[in-house]
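A.B. asks: Protein chains in written order, with the numbering used here: chain D, 299 to 818; chain G, 682 to 838.
Simulated from the structure, these hints should not be mistaken for lab results. Any given hint might turn out to be false.
Unchecked claim - Restricting the straight-line Cα-Cα distance to at most 16 Å, the calculated cross-link-like pairs of lysine to aspartate or glutamate (EDC-like) are:
hint, chain 1, residue 1, chain 2, residue 2
1, D, K659, G, D763
2, D, K659, G, D705
3, D, K422, G, D763
4, G, K815, D, E317
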Amino acid sequence: MSVVVLERGPWYKRGDFTEDEIGFKRRHFLWPTVEEEPRTWRPNAQTASEKLSPEVQIFSNAMCVGAGTIHYSAISWRFHESDFRVKSIDGPVAGTSIEDWPIGYEEMEPYYEKAEWTIGVSGKGWSNPFDPPRKREYPLPPVARNSAGAITEKGCRSLGFHAFPTPVAILSQPYDGRPGCINKGFCSGYGCPVGAKSSTLEALLPKALATGKCDLRPHSMVREFPLDSQGRVTGVVYFDAAGKEQFQPARLVVLAAGGVETPRLLLLSQSSRFPHGLANCSGLVGKNLMLHAPGPVVYAIFPEPLDGHKGSASTRVAQDFYKTDSRRGFIRGGFMHPRAHGGDLIDYALQPIHGARWGLKHKDSMRATWRYYLHSHCTGESLPVESNTVDLDPEVKDRFGLSVARITHTNHENDVRLAVYLGERSKDIFEAAGATKVYVSAPRLRKLHNHQMGTCRMGNDPERSVVDRWCRSHDVPNLFIIDASVFVTGAGLNPALTIEANAFRVCDYIVSEARRGNLR
Amino acid sequence: MSSVFDSHQRATIQAATARIIPTDHDPGALEAGVIDYIERALSGHAKRSAQLYLDGVVELDRLTLEQFGVEAFAALGPAEQDEILRSLEQGASRFFAVLLEHTMEGFYGDPRHGGNKNRVGWKMIGFPGPSFPKGYEPPLGWYDANELDEFGSAKKR
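Please put together the full structure from these sequences, using the hints given.
C.D. replies: In structure tokens:
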């Protein structure tokens, strides 16, 4: 089987990844620009949409080979058994479209292990009392603990919570021909020039290319999937690097453009057989968008220097707020990840934590506290709501003249209560660890997010799902989807390892079906 | 390449940046060359904001005349300049918001973009600059060096 990989963005190399906050975080080097690749957002269908600003656009995934795995914090979770069964355990909930997944943790377990060992994840097995069952240790011991991690451990311990080493796709020592992390900071939001962050660019692509059966084409923007008379895709129409239209024939197409761009592509491929978009007989393509709870950002200042410009981002976390406890006033949960800021100087200067936004007081605060602060994010589950959608903007087009994605999204109230709760518990932990000042932002309104899930959900019923349990379209037998569009519920966890484990699972199925001659 | 600002505009914006990050016993926006960062940004990446700045200069001078009977913002003393900037800020001036962001970028950002000359911004807060390819050996900060680590240090497998 040979594979052509089409990536609409550039193919960066290690040498492109510099420690430049302006380049990466203020000028969005990795991200699509709002001029060339705009998106629009509205809170609900009754409100006019607005174009997303650059600051929100960056709160999405990079447009390049490796995408989100280039710049992510690399936190690598196994979903819990309960994460696949939210309807059975916690649902239904009014105003949501909660369903169980058609697969469970048991089926995913060997693929989580495969993903951890293939890409290189560092962690300490069985240190998280809330983890699902695992058979094998992580391939690498935990990365070096930073001061944010030590503070998390200290605060959690004094409050009776259970901090443990964050499992991360960052090599703590040499592995698989790549060097270990050198703790240089500029980690989350940046590419890794060392090669220690286990992005798909570093950890998977070279292996694929080495087979001689993989052809990766960057700057290739897919526009449409033509069909034959039996309703099977015949290949892919795309704009090449020179902007010229090309056709790549294919026996099989696998979509992995993410929870926003995958449904967009399907909706752009309208035909007489699929007037509402390819593979959309259910009408659910683009629906049930989940962006995780609107977690606040928390800044905390401590009496001794953390020197957060050193180290990888997240080194200690706790899942004590994960399982549903309805006494809290919401279902489901999440976690907080205090981090080394990694070199976010300008970001810190612009936060409302200094007592002034400019002038001498602001300068004093920067001088006195920059080595003494950490910031922390709160990741919590968002419940699927059918009216949270991705569809085609009726007016705005990208540089190819294609309708852009319009996001319609407002978090369910459960998400907001959960987010506020995580912010409050973060404050508790930091104060218990001796913080002299803690600032908890308001829940961050989600117009977009790095975690984009649910828009082509898995299910056994073709009328209530887009793909089956093998992530194969119910309507188009040679079309598969392997990004987080297929997630039925979003868990309160970073999705990357689950996306990768699921991709390995689906690939095994594709290979066995091909061998049986079932993929004609 | 002609510059974005004439000499009056440059002096005005430079004066504003010098109030946003004043000089005290440490260098401020003036010494860091924030004005050069801004001019370079406005002819490149941020060229869409150039007109905002030119209008902003006009607005600063207009408010100065209105409040102090003086023709140019750049001629005011620092306390008066602060007052003008505060009234812009309280009026939710888009120009002021962008100026503030650019000033922070020009002071705390990488010198390759034209500001933070001689790394004065970094030196002030204690950032030693990019460390690649060397990186750092643990311990990294006070807390990981001194607080109990339940999980021990990483051992090679």
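A.B. asks: Which numbered hints does this structure break?
C.D. replies: As far as the earlier hints go, only 3 is violated by this structure.
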